[in-house]
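Peer 1: Sequence:
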Amino acid sequence: MNKAAKTAISPTRQEDYAEWYQQVIRGADLAENSPVRGCMVIKPWGYRLWENMQRALDDMFKATGHQNAYFPLLIPMSFLEKEAQHVEGFAKECAVVTHHRLEPDGKGGLRPAGPLEEPLIIRPTSETIIGATYAKWVQSYRDLPILINQWANVMRWEMRTRMFLRTAEFLWQEGHTVHATADEAIEETNRMIGVYAEFAENWMAMPVIVGSKTPLERFPGAVETLSIEAMMQDHKALQAGTSHFLGQNFSKAQEIKFQSQSGDIEFAWTTSWGVSTRLIGALIMTHSDDDGFVLPPRLAPAQVVILPIYRDEQQRADVIRYAESLRAELQAQQYAGAAVRVEMDDRDVRGGDKKWHHVKRGVPIRIEVGPKDIEKDAAFVSLRTGGKSESMSRSQLVASIGDMLTKMQSELYERALEMRRANTVTITGEAEFRKFFASTTEDSSEIHGGFAMCHFADEDSLQPLLKELKVTIRCIPRDNNDTPGICFATGRPAEKMAIFSKAY
RNA sequence: CGGGGUGUGGCGCAGCCUGGUAGCGCGCGGCGUUUGGGACGCUGAGGUCGGAGGUUCGAGUCCUCUCACCCCGACCA
122 MNKAAKTAIS
132 PTRQEDYAEW
142 YQQVIRGADL
152 AENSPVRGCM
162 VIKPWGYRLW
172 ENMQRALDDM
182 FKATGHQNAY
192 FPLLIPMSFL
202 EKEAQHVEGF
212 AKECAVVTHH
222 RLEPDGKGGL
232 RPAGPLEEPL
242 IIRPTSETII
252 GATYAKWVQS
262 YRDLPILINQ
272 WANVMRWEMR
282 TRMFLRTAEF
292 LWQEGHTVHA
302 TADEAIEETN
312 RMIGVYAEFA
322 ENWMAMPVIV
332 GSKTPLERFP
342 GAVETLSIEA
352 MMQDHKALQA
362 GTSHFLGQNF
372 SKAQEIKFQS
382 QSGDIEFAWT
392 TSWGVSTRLI
402 GALIMTHSDD
412 DGFVLPPRLA
422 PAQVVILPIY
432 RDEQQRADVI
442 RYAESLRAEL
452 QAQQYAGAAV
462 RVEMDDRDVR
472 GGDKKWHHVK
482 RGVPIRIEVG
492 PKDIEKDAAF
502 VSLRTGGKSE
512 SMSRSQLVAS
522 IGDMLTKMQS
532 ELYERALEMR
542 RANTVTITGE
552 AEFRKFFAST
562 TEDSSEIHGG
572 FAMCHFADED
582 SLQPLLKELK
592 VTIRCIPRDN
602 NDTPGICFAT
612 GRPAEKMAIF
622 SKAY
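Counting from 122, one number per residue, gives the positions in the first sequence under the working numbering.
Do not rely on the hints blindly, as some may be mistaken.
To be verified - For lysine-lysine, the following BS3-like pairs were computed, each having C-alpha atoms within a straight-line distance of at most 27 angstroms:
hint: 1; residue 1: Lys-588; residue 2: Lys-556
hint: 2; residue 1: Lys-475; residue 2: Lys-509
hint: 3; residue 1: Lys-617; residue 2: Lys-213
Keep in mind the hints are simulated off the structure, nothing from the lab.
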């Protein structure tokens with residue numbers, strides 16, 4: 122766009138992080154705002170990415186014994202009233218359907234007519250409707266466990282929306298399981314947060330911290346909420362996935378009962394777990410740079426794009442033939458257990474524009490082939506993760522394409538991990554805590570802070586301080602967190618450390 | 001929902017204070033020169049100024065209401 126600009130995306134992260142985020146999405150053609158308040162249009166490039174995420178997750182769900190099913194979009198309002206905390210959590214952000222038809226309003230427009238006897242809400246999450254269904258399915262301990270996942274859209278009437286991170290309507294999956302014992306349900310809750318962590322780290326190349334939420338941060342109605350937390354490039358935390366142990370709260374509210382082996386009637390134990398298109402936001406803010414989106418190879422809709430370069434029709438024939446055969450060879454290679462995904466971009470667009478198009482979309486590897494390359498039986502290779510572009514012989518390129526993608530994937534992970542390391546500190550006193558999270562007035566970028574690991578005794582007493590600094594407790598990390606200490610704020614003895622951070 | 005800001009061709013903006021029927025850059029079409037690179041020249045298409053109402057002979061410019069978006073706050077995957 123601007124020849125003088127050093128970066129493809131303007132502003133840069135330093136200049137204006139929030140605006141940079143928007144521009145990366147636009148530059149990569151992932152999504153755009155729609156005429157509907159708070160709702161976005163996910164464009165093909167963004168949707169292909171989502172499909173790749175879905176496929177990987179779905180395979181993992183299946184591998185852990187789950188099946189997919191589908192439940193209604195609309196939920197009778199009374200269903201939501203059954204679990205007290207659940208209502209409190211979601212009632213404020215529900216879209217309500219009150220009529221079932223439209224009629225002319227006499228002024229050339231339409232007005233709703235046919236009021237419903239009982240209003241329906243558009244699901245903000247499906248615990249209630251699924252629970253009501255499960256209640257009918259469960260009679261005996263022999264009916265358990267129920268291990269079901271649903272891919273769906275949900276709607277939450279959020280006050281402030283941001284593309285992918287928080288939209289009124291979003292796509293997600295929600296697993297809902299029923300078990301005969303608490304232990305089994307807890308095991309499921311742990312297993313699924315593990316699946317999410319594995320997906321985040323191995324597929325998204327995004328390091329995450331697994332931990333449990335404090336009572337104030339829990340899912341409404343849950344006994345225990347586990348989450349994976351990731352650090353974005355502005356050092357804020359993003360909750361990337363949650364897995365809830367719901368105890369018997371929902372089964373009691375919805376009468377999910379079964380007769381046990383001994384003949385007693387017992388309430389079942391349930392779990393729910395989900396990740397959403399928010400993961401795309403996480404991906405953007407984990408890896409992208411000032412030239413736009415950077416895709417981890419494993420999830421990239423196209424891992425390699427071939428850009429033919431030629432001057433005229435005569436050259437075109439040769440170059441295209443060469444490019445096509447190169448494509449076939451590359452596609453025959455394997456990466457991460459699947460064929461390498463290669464695209465050719467032979468659009469009638471100027472070479473420079475074409476190159477930047479793919480840079481901004483985050484394609485991991487760009488391969489340019491022109492007459493000079495054909496002579497040398499070579500190709501000119503550029504990696505989205507940086508480094509010098511270089512000419513490679515065709516045989517070498519084909520032989521090493523899988524390794525290159527593997528290396529890029531782990532490089533992205535290492536980079537993100539290093540960013541998190543560099544911005545994670547252990548804090549033992551309130552003064553230090555305040556200083557860490559203080560907004561730096563001289564630095565307009567607003568990128569500051571990070572993860573503060575602190576021992577803490579009591580969540581409630583910290584609230585004034587946390588509110589003042591706009592910091593939240595992200596989670597109590599599960600691993601390496603057994604050393605007791607002293608609460609950073611009150612000086613009282615504390616069992617565990619928590620991650621404190623500003624968050625999305 | 002509270003505070004602040006914005007809303008003018010696809011995108012980014014100027015014009016508004018000092019009302020008189022719309023301008024710039026990029027992008028887009030055509031032609032040509034270029035081309036291992038986000039090039040250049042000529043030429044062309046495209047907007048009635050978020051919406052509604054009002055003031056006025058006349059409103060993008062003033063007033064009222066409304067909607068949407070962005071930032072901050074409260075809430076949240």
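Peer 1: If a hint holds in the structure, say so; if it does not, say that too.
Peer 2: A quick look at each hint next to the structure:
1. This hinted pair checks out: Lys-588 and Lys-556 have alpha carbons roughly 15 angstroms apart, not beyond 27 angstroms.
2. Pair hint Lys-475 plus Lys-509 holds up; C-alpha atoms about 19 angstroms apart against a cutoff of 27 angstroms.
3. A hinted pair counts as satisfied when its Cα atoms are at most 27 angstroms apart, and Lys-617 with Lys-213 does not qualify at roughly 33 angstroms.
In summary, the structure is inconsistent with hint 3 from the numbered list given earlier, while agreeing with all the others.
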